[in-house]
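Number of protein chains: 2
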Amino acid sequence: MRNLDEHTITQAVLTRNASAPDPRLREIMTSLVQHLHAFARETKLTEAEWEKGIEFLTAVGQICTPTRQEFILLSDTLGLSTLVTAQNHKKPEGCTEATVFGPFHVLDAPRFDLGADISAGLPGVPWFVRGTVRDIDGNPVPNATLEVWQADDAGFYDVQKAGRAANSFEGRAILQADSEGRYHFKTIIPDCYPIPHDGPVGKMLEALERHPWRPAHLHFMIISPNHERLVTHVFREHGEYLDSDAVFGVRSSLIADWVAHDAGTDPYGQAIDTPWFSLDFDFVLNPIAR
Amino acid sequence: MRNLDEHTITQAVLTRNASAPDPRLREIMTSLVQHLHAFARETKLTEAEWEKGIEFLTAVGQICTPTRQEFILLSDTLGLSTLVTAQNHKKPEGCTEATVFGPFHVLDAPRFDLGADISAGLPGVPWFVRGTVRDIDGNPVPNATLEVWQADDAGFYDVQKAGRAANSFEGRAILQADSEGRYHFKTIIPDCYPIPHDGPVGKMLEALERHPWRPAHLHFMIISPNHERLVTHVFREHGEYLDSDAVFGVRSSLIADWVAHDAGTDPYGQAIDTPWFSLDFDFVLNPIAR
Chain A
585 MRNLDEHTIT QAVLTRNASA PDPRLREIMT SLVQHLHAFA RETKLTEAEW
635 EKGIEFLTAV GQICTPTRQE FILLSDTLGL STLVTAQNHK KPEGCTEATV
685 FGPFHVLDAP RFDLGADISA GLPGVPWFVR GTVRDIDGNP VPNATLEVWQ
735 ADDAGFYDVQ KAGRAANSFE GRAILQADSE GRYHFKTIIP DCYPIPHDGP
785 VGKMLEALER HPWRPAHLHF MIISPNHERL VTHVFREHGE YLDSDAVFGV
835 RSSLIADWVA HDAGTDPYGQ AIDTPWFSLD FDFVLNPIAR
Chain B
585 MRNLDEHTIT QAVLTRNASA PDPRLREIMT SLVQHLHAFA RETKLTEAEW
635 EKGIEFLTAV GQICTPTRQE FILLSDTLGL STLVTAQNHK KPEGCTEATV
685 FGPFHVLDAP RFDLGADISA GLPGVPWFVR GTVRDIDGNP VPNATLEVWQ
735 ADDAGFYDVQ KAGRAANSFE GRAILQADSE GRYHFKTIIP DCYPIPHDGP
785 VGKMLEALER HPWRPAHLHF MIISPNHERL VTHVFREHGE YLDSDAVFGV
835 RSSLIADWVA HDAGTDPYGQ AIDTPWFSLD FDFVLNPIAR
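Quick mapping for you: the protein sequence lines, in order, are chains A and B.
FYI, the numbering for the first sequence is 585 to 874, going by our numbering.
FYI, the numbering for the second sequence is 585 to 874, going by our numbering.
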């Protein structure tokens, strides 16, 4: 393995990797090395461009923190996340579609009872969200766990806010649907927002003259035994950016009417002196094949 | 741009990027997105594997410091660096070949006069290095700048050593060849060494059952007006790992005899009471086409 040129190097690396004991790792590395090399050959990548690439990836890694995941943003904006989501969630007709996970989920969200206000005091227009978790035959799935997370009415997630205490959360919750599959909670209407664009991914979008905006949405992750985990959003009908989501995550079946109501009485029968919104959205889980 | 699947997503991303004003950026991003997506489709990458990939790249970025460049290591061990070097340095017969830059160059190496001891007191076997910088016709190139860097006799670079002061360097120098193209300096024999393998790239090599070793070598970067910058190594004949360099950098034309001498008199006519080595190596620079 001496005197390798831009053509012979590829086989040399594959040969070196051929002793990997895990066949799946070998398979992934083979495809990765072939495509990485083909990319560099095809573009006749220069040393200066290679260096810029190294600097870019380093900056992406360095800006990551426990609450900021710039590599997920990069994957999202390059369409890789949508691709991986799509090819791993082929479902029977009628199941709720999955979409990108995004970088704003946390592992230690607070638990709330059904009916709770999960906004933790965020200012904004009150929003009452409810629905039923069902199986493919339309029957309720009892007691599913729902994780919900969302931006505030200025388009920011709690984890993006400077000076926030590590255990202080806004607009996120873990809820348990009832025995008839029903879930319901109160929060505020989230706005559309730009993905964090003060870092290297933002610079990339700028160089590409792409906007960083995502249409308004509410994140759900729904977990129930015997069903495939569902990670999805519910988007706002007629909202901005539905056709140019910076991360390519919009699916028509996930767009719903966020219904406006006048002040008066909320869905819990309480007096409410401001206008409010409601969302009714049922989820259909995909059974795990036996 | 809604309802994208693992096939339609690729064109959607390319379309989004098509407004990039810089045609070269567009070209690079097009190839990158196509290969990234093809890799994920070909391997049917799962979400768990995608997540592992995100974690790996994040760890690679997070371990980088001003003196540790893990993304260059990754590029080196995946053969990308050798590919990029090779395709950017096609030279006329007779020119000294280039090889990988590596992650251990620093920008602020100390300047030394010809004949100096550049080891800064490193223990080891004395080594007297000399040669001439020439043009393609064999004529000396006067006054070229040579940057030299090397590992110590345990295989470590100065920048890898804990507790080192930022302005303290060992085994690195910037020298200027004389008006007849000659350079010469004293140092110590570097050993072969493992590339830093306590980080994510080391874990990758381990999973692939690949060793992290590089054959012993001395780095040179030679800069002279009207010539292409030369970044190369001089390897040790009969040294270990010449055929399994962890970063695929060995070229036969860069392997030289590191000649052993008994104690007695060194090349500068000074008494020397230990055995020592010498290296004679001429460099031939590639003229910049006019």
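Treat the hints as calculated values from the structure; they're not laboratory data.
Accuracy of the hints is not assured; some may be wrong.
Which copy is meant is left open, because identical chains are indistinguishable; a pair holds if it fits in one copy or across any two.
[Said to hold, decoys possible] Calculated pairs, PhoX-like style, for lysine-lysine (alpha carbon to alpha carbon, straight line, at most 25 angstroms):
#1 745 - 674
#2 636 - 770
#3 675 - 628
#4 636 - 674
#5 674 - 787
#6 770 - 674
#7 628 - 770
#8 770 - 745
#9 745 - 787
#10 787 - 628
#11 787 - 675
#12 745 - 675
#13 770 - 787
#14 745 - 628
#15 770 - 675
#16 674 - 628
Hints and how they fare:
no.	hint	result
1	745 - 674	neither (36 angstroms within a copy, 51 angstroms between copies)
2	636 - 770	neither (47 angstroms within a copy, 35 angstroms between copies)
3	675 - 628	between (41 angstroms within a copy, 16 angstroms between copies)
4	636 - 674	between (37 angstroms within a copy, 22 angstroms between copies)
5	674 - 787	neither (34 angstroms within a copy, 33 angstroms between copies)
6	770 - 674	neither (32 angstroms within a copy, 66 angstroms between copies)
7	628 - 770	neither (55 angstroms within a copy, 39 angstroms between copies)
8	770 - 745	within (22 angstroms within a copy, 56 angstroms between copies)
9	745 - 787	within (21 angstroms within a copy, 34 angstroms between copies)
10	787 - 628	within (23 angstroms within a copy, 30 angstroms between copies)
11	787 - 675	neither (36 angstroms within a copy, 36 angstroms between copies)
12	745 - 675	neither (37 angstroms within a copy, 54 angstroms between copies)
13	770 - 787	neither (37 angstroms within a copy, 46 angstroms between copies)
14	745 - 628	neither (42 angstroms within a copy, 36 angstroms between copies)
15	770 - 675	neither (30 angstroms within a copy, 69 angstroms between copies)
16	674 - 628	between (37 angstroms within a copy, 12 angstroms between copies)
The structure fails hints 1, 2, 5, 6, 7, 11, 12, 13, 14 and 15 (numbered hints given earlier, in ascending order).
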